[in-house]
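*Asks:* Read off the chains here:
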Amino acid sequence: MEQKAYHLIIIGGGPAGLSAAVAAYDAGERSILILERDTRLGGILNQCIHNGFGLHTFQEELTGPEYAQRFIDQVKDRNIDYKLDTMVLSISKGEGNAKQVVAVNEADGLMQLTADALVLAMGCRERSRGALNIPGFRPAGIFSAGTAQRLVNIEGYLPGRRVVILGSGDIGLIMARRMTLEGAKVLVCAELMPYSGGLKRNIVQCLDDFDIPLKLSHTVVRIEGKERVEAVVIAEVGPDRKPIKGTEERYECDTLLLSVGLLPENELTIGLEADMSRVTNGPLVNESLETSIPGVFAAGNVLHVHDLVDYVSEEAHLAGESAAAYIASLEAGNGPVPHAGVLITFSGGVRYTVPATADVSRIEKWLKIRYRVGDVMTNRVVSLYLNGNRVLTKKRRVMAPGEMEELVLLKKQVEEYPVVESMEIRIEEDKA
Amino acid sequence: MVDVVIIGAGVTGCAVARFLSAYKGSFVVMERNEDVCTGTSKANSAIIHAGFDAAHGSLMAKYNILGNRMYPALSKELDFAYKNNGSLVLALSDEDIPKLEALMENGIKNGVQGLEIVDKKRLKELEPSVGHVPVAALYAPTAGIVCPFGATIAFAENACANGVEFCFDTEVKGITPGTDDEGKPCWVIQTAEGAVRTRAVVNAAGVYSDILHNMVSSQKIQIIPRKGDYLLLDRRTGGYVKHTVFQVPGKYGKGVLVSPTVHGNTIIGPTAEDIDDKEGVDTTSEGFDDLMEKAGLAFDDLPLRDVITSFAGLRAHEARHDFILGEVADAPLFFDCAGIESPGLTAAPAIGEEIAREVAEKLGLPANEGFVATRKGFTDPKSMSQEELSALIARSPEYGRIVCRCEQVSEGEIREAIRRPIGARSLDGVKRRVRAGMGRCQAGFCSPRIMDILAEEWGVDVADITKSGGHSEVIVGFVKDRM
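These protein sequence lines are chains A and B, in that order.
Here the first sequence is numbered in our numbering, starting from 1 and rising by one per residue.
Here the second sequence is numbered in our numbering, starting from 1001 and rising by one per residue.
Worth double-checking, as some hints may not be accurate.
Taking lysine-lysine and the DSBU-like style, the derived pairs with C-alpha atoms no more than 30 angstroms apart in a straight line are [said to hold, decoys possible]:
hint, chain 1, residue 1, chain 2, residue 2
1, B, K1294, A, K200
2, A, K226, B, K1480
3, A, K215, B, K1480
4, B, K1294, A, K242
5, A, K226, B, K1173
6, B, K1278, A, K245
7, A, K226, B, K1294
8, B, K1120, A, K93
9, A, K226, B, K1278
10, B, K1382, A, K4
11, B, K1294, A, K245
12, B, K1173, A, K93
13, B, K1120, B, K1294
Simulated from the structure, these hints should not be mistaken for lab results.
Produce the complete structure using the sequences and hints provided.
*Replies:* Spelled out as structure tokens, the structure:
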């Protein structure tokens, strides 16, 4: 069995893994291996052939594959090692600070790899029908939106001709437009919540522009058809999100697409016994994006689900740099740097923050805190308190669960707090 | 002209076929669907009952006990997943304790070994997850769990290896008395493909067994499909329960059970609803609510947010609530295996052995001297040591290429599932054999790849690949195909 040691192993060759690899290399690290389970680098971006990627990173509008290629080129320019078609079966703690990675592929067979540091960049998967308990038959023709996207854009297959979409996540919205452009008829997009889970621009460009109705506060109550989907019944839901009798509408169709949420894919992380968030389903990380296992970092959708890939790249850049710094500290004989973080607490509608803890003494220039809210809110003030003192405020006219928010704490703003005992984000009504 | 036609390739039909193949003769299994194990056998609790609750003196009790004792050895002989995990029937209040005592008494009469009523303290030791409500339990150490797909496929493959022919997509339209070439009586079976003459018929058609029976007999039977909804939880819940945990039986059968599966998932179910539609396997939100409520009586903290799929199965319930087995009085050489509802999966091998013996005796079939009683299961990389797995991948690299990431199933395993004598032809066929698509993403990532492999192996267009046979095609065409 092949046994090899690297300083840094990055699990996943999508946007997060690629960006982390480049950042670690540019920070001086040379012993890096990327493990990718698909047949090419780039991850799910390869099937996202629409444009709109890269506005923040490259100040231009790219397609998914174009965006990925920018990072793939950077990886190849730096001669960073990667293995494709390679599945990581398990990760575990080895002796001392070492981490063990068991992976498998056709060419190398079973591999036992060791690393000083890991960056977890496995991305996410789609919530399936089963996780929603949608009643009815189980015929062919029910796809998660991402699977349908792969079938159309990568395989060239048409999943259906008359389509109902449940959920207004971004992939579902993108697929409403994509299926329409392929000649399918998209009848309706039903959303359980009273607001959309996707970006505003996608509602406009993918539904409104094609006259596809969006029915908020609606859900699927029945799937008909024993072999292939024949009809889908949707109904309005009340404030308790339970269907209201008498509001059922039946749509004859051959396909139901589900865009009902993404779940970080953390089976490996759980196997490593890292502390996990019940809200994000990702690991809990500190300001360096380090999990509760020293030397194991996480970034991108495995950490929390993002709506823009630009933010994934930026986040993963930090994870790559942090991993390189961790390795450098080991190399210098200093061992892992002890961490003295505080828990970031929150109130007023924040669902979670990434990072979950922060050691402000470790801030180099700034600390970016990303968070999501649990409901649509208008006219709010978001504040950050250190030791009970407000150090930062930001006015937000509208916030929605579908759009990630951020606060940036500058190093100079924390300098007057040599000892930070508490850190809190509060959302308050803007009375001004 | 053949010796025996077995109608239905569920666990009972396949078990009959397997034991019949120990005799010399020509045997055909006819199945209306595209694969074995597509009806009641694929959607049930997957448990091997100890045998304490079937009424003493019934055929259910007799074959339950016999079947329960056969599984441990049979699972080794035919290489399918089985585990002796024991079961518990919970008393949810002190008033339920006499019911436990009655069950135990019935079980002892039936011949169940090792039954014991345990108090709350011992119950907690046996099953630490159990909630605050249950006060005592009936412990049955001989109960077990099995992979129902694995068992059915094992019976079928072993039967096939011993010469039994399987005809899929073959629905029986009619059965009439006829004569063979020598003028002796036989049965004529009508299918869409034409008529087949056979000396004997075994009716193992599950929820349709009444229709077949009533074609040949004046003593009519009626099978009422009794629907049960189930919830299946992620493998990460593995270990939440160790035993199969029942509640004291109510008027709708055994109530809701919570059990581990042999693959480490947790299963909750079934509900019980009598319906008219023999294909009515649609789930309902009322069913889900009912399951969660009843299961919640036994456990305080069931991990219900880890549900990965739900499904419904139909029990072939007959009004008298017993198996109908053996030669039909007014239809010589027509053998029923009807009304096979719970504990049918447990009883199947015992029924198979007995019916095969009866049929062979009536037809005067000699022993099949070339009979091979054992069968090697699918290559299972997960059960291998690292050295064994490395050697396998060096020999056959496709076992190193993981296609289904959730269940870590390799391309080699998927191709093997298709290439076997009774090979998978659909996504569900692959799933039942090697679990690709059975995991938490429910085939979201792997189905495009498995479709391609199926199309390649069978030499068909990918547009013809189905989810589960018939007209369940996965895709409707190709992009730009209408331009």
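*Asks:* Give a verdict on every hint.
*Replies:* Tested hints:
1. Proximity of K1294/B to K200/A is assessed by CA-CA distance (about 42 angstroms); at most 30 angstroms being required, the pair is judged violated.
2. Of the pairs offered as hints, the one joining K226/A and K1480/B holds, with about 28 angstroms between alpha carbons and a cut-off of 30 angstroms not exceeded.
3. A threshold of 30 angstroms between alpha carbons decides the hint, and for K215/A with K1480/B the separation of about 29 angstroms falls inside it, so the pair holds.
4. A distance of roughly 20 angstroms separates the Cα atoms of K1294/B and K242/A; the hinted pair therefore holds under the 30 angstroms criterion.
5. Between K226/A and K1173/B the CA atoms are separated by roughly 21 angstroms; this keeps the pair inside 30 angstroms, and the hint holds.
6. Taking the CA atoms of K1278/B and K245/A, the gap is about 27 angstroms. The hint holds against a cut of 30 angstroms.
7. The hinted pair formed by K226/A and K1294/B meets the criterion: a straight-line CA distance of about 29 angstroms does not exceed 30 angstroms.
8. Distance hint between K1120/B and K93/A is unfulfilled; the C-alpha atoms sit about 39 angstroms from each other, more than 30 angstroms.
9. For the proposed pair K226/A and K1278/B, the alpha carbon gap of about 12 angstroms is at most 30 angstroms, so the pair holds.
10. For the hint pairing K1382/B with K4/A, the CA-to-CA distance comes to about 22 angstroms; that is within 30 angstroms, so the pair holds.
11. For a cut-off of 30 angstroms, the pair hint linking K1294/B to K245/A stands: about 25 angstroms separates their Cα positions.
12. Proposed proximity of K1173/B and K93/A is contradicted: the alpha carbons are some 62 angstroms apart, above 30 angstroms.
13. Straight-line distance between C-alpha atoms of K1120/B and K1294/B comes to about 19 angstroms, which keeps the hinted pair within the 30 angstroms bound.
Hint compliance for this structure: hints 1, 8, 12 are broken, all remaining hints hold.
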